[in-house]
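Q: Listed below are the residues making up each chain.
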Amino acid sequence: MLAAAIQPLNLNVSTPIDAPSPARAGMAASAVDVRDVTYRYGDRVALDALTLDVPAGAVFGLLGPNGSGKSTLLSLLIGRREPASGSVQVLGAPLSARLRARLGVVFQEPSLDSNMTVRETMALQARLFSLPRAEARRRTDMLLERVGLADRAGAMTPTLSGGMKRRLELARALVTKPDLILLDEPTLALDPDSRQRLWQHLLEANAEGCTLLLATNDVYEAERYCRSVALLDRGRLVAQGTPAELKHDLRRDAVRIEWKGDPAPEAAAMRSWPGVGGVRVAGSTTHVTVDEASPFLTRLFQSSGDRVSGVRIEESTLEDVYFQLVGHGITPRADGDAQPEEGA
Amino acid sequence: MSQIEAVAALLARDLRSFFRSRSQLYSSVLFPLMLLAILGTGVNDGLDPKNITDYVTFLTPGMIVMTALFSSTFSSASYYQDRDSGILKVFLASPHSQRVVLLGKTLSSVVIGVAQALLVLAVAAAIPAIHFQWQYGVAQSVALTVFSIVLLNLFLSGLGQLLASRIRSMQGFHLVMNLVLFPFLFFSGAFFPLHDLPEWLKLLGRVNPLSYGVDMMHLALYADGSDGYFGLPLDFAVLTLLAVGVFYVGTSRGVNPDR
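Quick mapping for you: the protein sequence lines, in order, are chains R and E. Per our numbering, residue 28 is the first one in the first sequence, and the count goes up by one each step. Per our numbering, residue 149 is the first one in the second sequence, and the count goes up by one each step.
Check each hint, because a few of them may be wrong.
Claimed, not checked - Short, incomplete list of chain R residues facing chain E, as computed with Cβ under 10 Å:
| id | residue |
| --- | --- |
| 1 | Leu-79 |
| 2 | Gly-131 |
| 3 | Phe-134 |
Derived by calculation from the structure, the hints in this document are not laboratory data. The structure presented is a predicted model; accordingly, all values stated were derived computationally and were not measured. Positions of the beta carbon are idealized from the N, C-alpha and C atoms, including for glycine.
Just chain R, same shape as in the assembly (with noise of 0.2 Å):
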C-alpha cells in the first residue's frame, strides 16, 4: 500500500515554472544536475537513485523531514561528499574547486567565528575567494546596508542576536556574488520578523540572478517562496513541480478535527468514508483532507457530533499533499499541523 503511494506524483514537470528570475548570462540552464545518485552512510541509504534538475534563476526547495536526503545532497553539491553512484553536475559542471568560487552556502548550524567582526567575517569570505580587495569593501558595504548590518559592521559576533547572525550568514554568503545559493534551513529558530527580513533578501539576490536551492522542512515557507519544490523521502524524489501543480491532484479541502477526548476510534472510521483522503492523529487533533467539507461534515456531526469540541476548514498545504503520498507528514509538531506565522 505504501509502496504504490509514494509512486511519483504524475506532474507535468517540464512545465516551466511561473516566472524564474533571469539567470546571469553564460550559466547552464540547469543550476542542479543530479542524475541518479545513491549515498549511503554505512548500511542505510541516505539518497536513492535521486534525480533532479533544479532550472537556472529558479527559487527551489527540497521538502521533507529530517532524514529525507536534503542536507546530504547539498553536501554532495558542495563537494563534502562523493556519491556512490550517479553524477552530480553544478551550474553546467562537474563539481571542481574552481565551480566552489561561484556558489554561496548558508549552513544549517551558526557558522561564524567568535573571535571576529561582522567586517571580517565578510573581509575573509572575499579574500578565500579571492575577491579584489576594493570589490571587497564595496560588496561588503552594500550588503551590510541592506541586511541592516551596517552600523554593526565593528560589532564582534557573539554580540549579534540570532537573527542578525543568520543575516550575516546571508551576507557573507554573498559577497563572492555566486551563481547558485544553496541554503539548508536558514530559518530555522527564527522569529517571524527575521525570517520575513531574510526572505527578502534572498528574493533581492534571485531577483539579481542567482539561483537558490533551500533545504527545509518548513511546508508554509516552501509554499510560499519556493517556485519550485521537490518533495523527498528517504532520498527518494517524490514529486517535483510548482506548489500549485503539486497541490492539483489533492483532495480539495483540508479539515481540522479538535476532540474532546482520543480521536483515535473516530480516525479510524473516518479513513474508509467516501471522499476521505489522508487522515493525521496528534494528540486531541485530526487532520483530514477530503474532496469537500461540506457532505464530510454533515457525516461527523451525524456520527460523533458529541465528541467533537471545534472545527476548522483550511486550505491544504504541500504537508496534506506530502502526507497523501507518502503516508506520513514532514514535520511532527505537538499540535499536529500549525503553521507557522508570517511576520507583521
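Using the hints, position chain E against chain R.
A: Same frame as chain R, now just chain E:
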C-alpha cells in the same frame, strides 16, 4: 596565487584570534618564565646538582621546547573551536582544498609557536642569572636556536593537526596530547641531562623527537663543547625529517567538519 592568498587569510585570522585572547598570550610566555624562576632556582640552589653548574641556564632550552609544545597543543585545539563554531565548514566550502585550509591553520600554529618561543628566548637572554655560552658565536647560536624552534614547531603543529583531525572531542585530544607529549618532554633532556641516565631511559631519550630539539638548543645556548650530546648533524637530520614528514602528513589527512 589564490591558494597562497587563502593560506595567508587563514593565517592572519588565527593570529588575530590569538592576539585577541589575552590570557593565552600572556600565560604562554609567563608560564615558562615562572618555571625557570621557580624550578630553576629551586633545583639549582636547593638540590645543587653535581653535574650541572648552572641549572637555570641548562633549563632554558627545555622551557623553550615546552613553550613550543604548549603552543602547538593550544593552537591545534583551535581546530575544535572552528569545527564546533561551524566556521570550518565555511572554509571547506570555499574554492580551496582541505589541504590548503589545513595548511593555513597549521602554519598559524607554527608562527604562533615560533613567536612565543622566541619571546621566551629573548626574555631569558636578558635575565642576568642566565648565562648563555653562545659557543658558536651569538649570531650562529641564535640562528641555530631559531632553526630548531621552527623545526620543532613544524613537527609539533603537524602532529597536533594530525591528532586533532582524528580525535573527535577536544577532551580526548588534550588527554592524548598530555599522555604522549609530557613523557616526551620529561625524557627529552629538558629537565636533566640524558647522558647520566640509566640505559633504558637513555634509549627512551634517543627515540624521543623532542630530545633532538633540546640537544640542538643546548649546544647553541648552554654547552661549551659537544661531548655527551647527539651533535648538530644528527639533530638537523632527525628534526628536519620529522618536521617535514609529520607536517606533510598532518596537513594531508581529511577532516570531518561535523561535530
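Q: Does R/Gly-131 pass the interface hint, meaning its C-beta sits closer than 10 Å to a C-beta of chain E?
A: holds (9 Å)
Q: Report holds or violated for the interface hint on R/Phe-134, using the least CB-CB distance to chain E and a cut-off of 10 Å.
A: Constraint on R/Phe-134 satisfied, holds at 6 Å.
Q: Let's test the interface hint: is any C-beta of chain E closer than 10 Å to that of R/Leu-79?
A: Cβ of R/Leu-79 sits 20 Å from chain E, so the hint is violated.
Hint compliance for this structure: hint 1 alone is broken.
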